[in-house]
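**Student:** Two chains, two separate frames, one set of hints: put the complex together.
Listed here are the chains, written in short residue letters.
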Amino acid sequence: MSIAVVQFGGSNCDLDILHVLMDVLGADAELVWYKEENLDRFDGIVIPGGFSYGDYLRAGAIAARTPIMNSVKKQADAGKPVIGICNGFQVLTESGLLEGALTTNNYPKFRCEPTYLRVETTDTPFTSMFRKGDILSIPIAHMEGNYYADEPTLASLERNDQVVFRYVDRNGNATDEANPNGSRENLAGIASKRKNVLGMMPHPERASEEVLGSSDGLKVFRSMLEYISSR
Amino acid sequence: MQYQAEVIIELKAGMLDPEGTTVKRALEHLGYETDSVRTAKKFTIVLQAADIHSAKENVEEMCQKLIANPIIHNYSISLREIE
Chain E
48 MSIAVVQFGG SNCDLDILHV LMDVLGADAE LVWYKEENLD RFDGIVIPGG FSYGDYLRAG
108 AIAARTPIMN SVKKQADAGK PVIGICNGFQ VLTESGLLEG ALTTNNYPKF RCEPTYLRVE
168 TTDTPFTSMF RKGDILSIPI AHMEGNYYAD EPTLASLERN DQVVFRYVDR NGNATDEANP
228 NGSRENLAGI ASKRKNVLGM MPHPERASEE VLGSSDGLKV FRSMLEYISS R
Chain S
124 MQYQAEVIIE LKAGMLDPEG TTVKRALEHL GYETDSVRTA KKFTIVLQAA DIHSAKENVE
184 EMCQKLIANP IIHNYSISLR EIE
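Chains as they are written, first to last, in this note's numbering: chain E, 48 to 278; chain S, 124 to 206.
Isolated chain S (complex conformation) (with noise of 0.2 Å):
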């Protein structure tokens, strides 16, 4: 079966999104008032797997060993069935 996983990393709450703060500031320039932006970065990954829950296995595997830092992100993960 073929799945389509989407992959959120985001900083983990406290630690510091200059990025964020930076928008957040340019959004005041334009006159929006907001109380905090975060970024994040999200990864779409299409793959094969037996079942839904081998390709989650198989996701959250590669989030651990690779697209996240679990020092300093946190990461979620929704899956779909390609039909």
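This is chain E alone, in the form it adopts within the complex (with noise of 0.2 Å):
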């Protein structure tokens, strides 16, 4: 089994990621860079936060457009777990792996601390470790992390348990207090039709030890590889 963490221009928590399902999980990752245009040997892929191309254009636009997007969207096809973070959540909306967009945060500012997210469904291969409802503690870093879509888009992705995470109060309330960046319904996170796609502005890597504060997100990972083994 192994993972390709992919590395664009200006990605710049790849080192962390690597470092989780490594040395914290023991699993096999490789950096992958953005000029590789075949991922076929790997199990699964994710797609790190940063900067690609500077945010030129639109976050993630840029680099949604890379040869090697060709590529992912094989493997998601295929059936394969595809995690992109901040950025990479970016990337996946621009490429249209994912539905909707991410704008700039109501408040424009650079917002960079701990929230609390909701797990809205188990049914992803990402969060089958959780609990439906279970409150987990991960932080955000970013500026364009306001996620919007049309009514009838938030509404099919309600329909079709497609949301996976939702920003709370510690108490597990979606108030707008709670809400960092103004996005629609508080979504933090969500899924692909087929599931095996998770976007998600939060970075479960910065919460994946108890050292950093908290290691709820090391979750997020380990269903991902359970996934895998049992595919």
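No lab work stands behind these hints, which were simulated from the structure alone.
Just so you know, even glycine gets a beta-carbon here, dropped at the ideal spot from N, CA and C.
One thing to keep in mind: the hints can contain errors.
Derived DEER-like restraints, expressed as beta-carbon distance ranges [to be verified]:
#1 E/D124 <-> S/L189: 18 to 26 Å
#2 S/E204 <-> E/R112: 27 to 35 Å
#3 S/E184 <-> E/D170: 21 to 29 Å
**Tutor:** What follows is the structure, given as structure tokens:
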């Protein structure tokens, strides 16, 4: 089993993810430069956070149109798990692998702080080890994390159980105050219709060891590895 | 023939424009009252095409595929032939 961690010029969470996968979980993982066009040998893909291409044009827009993304789409179509975190989420929406768009935070500021998330579904390769309703402490670090989709799209995300994480307060309520960026319906993470593609703005790799203040994010990666073993 | 296209990309009406709102507030600090301030991005693209219609078609495609995100943006294109 091997996981690809995709590197674009400007990715900066790639090594953190590699550390969690290899050192914390003992999995086999590899950094893959964006010029690679064939990802067939991998069982899962992580698109890390950062500022690919300096956020030129729109966050994630240029990376989404690089050749490696054709292979990411191919692997996703084959049912392999693909997770995009922060800038990786932006790349996945820009490439059309996930619905909606991520726009500038409603309060136009780079927000880097802990947030609480509620697990909305365990029926994904990334959340199977959680219980529905679990409250997680996982930090965010972004300027363009304001999730936007039109009403019909939001309704279909809900109907198809594609809503994976919501920003909540410590008691688990999805209030306006708990929403750090103005995302529609407090959405922090959504999945594709088949559930094997997940995008989330918070950084589970920054909450995967107790020494970091939280290890709530670790189960995202453990769930992914378990899903791969069971395929 | 050589053409110059000016492409304006704007957030759709009703979408939050935090940069525009911030500029509006700063204008108020300077004593200017405005009803609204919206930001936009302009791209100037010079290209070769057989005629103005194919130039327009080409730039339209560029907007759909990359320059705009049709989920959140409207765009407008104006074209002229360069002598």
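**Student:** Next, verify each hint and record whether it holds.
**Tutor:** Hints versus structure:
{"no.": "1", "hint": "E/D124 <-> S/L189: 18 to 26 Å", "result": "holds, 22 Å"}
{"no.": "2", "hint": "S/E204 <-> E/R112: 27 to 35 Å", "result": "holds, 29 Å"}
{"no.": "3", "hint": "S/E184 <-> E/D170: 21 to 29 Å", "result": "violated, 38 Å"}
Checked against the numbered hints given earlier, the structure breaks only hint 3 and satisfies all the rest.
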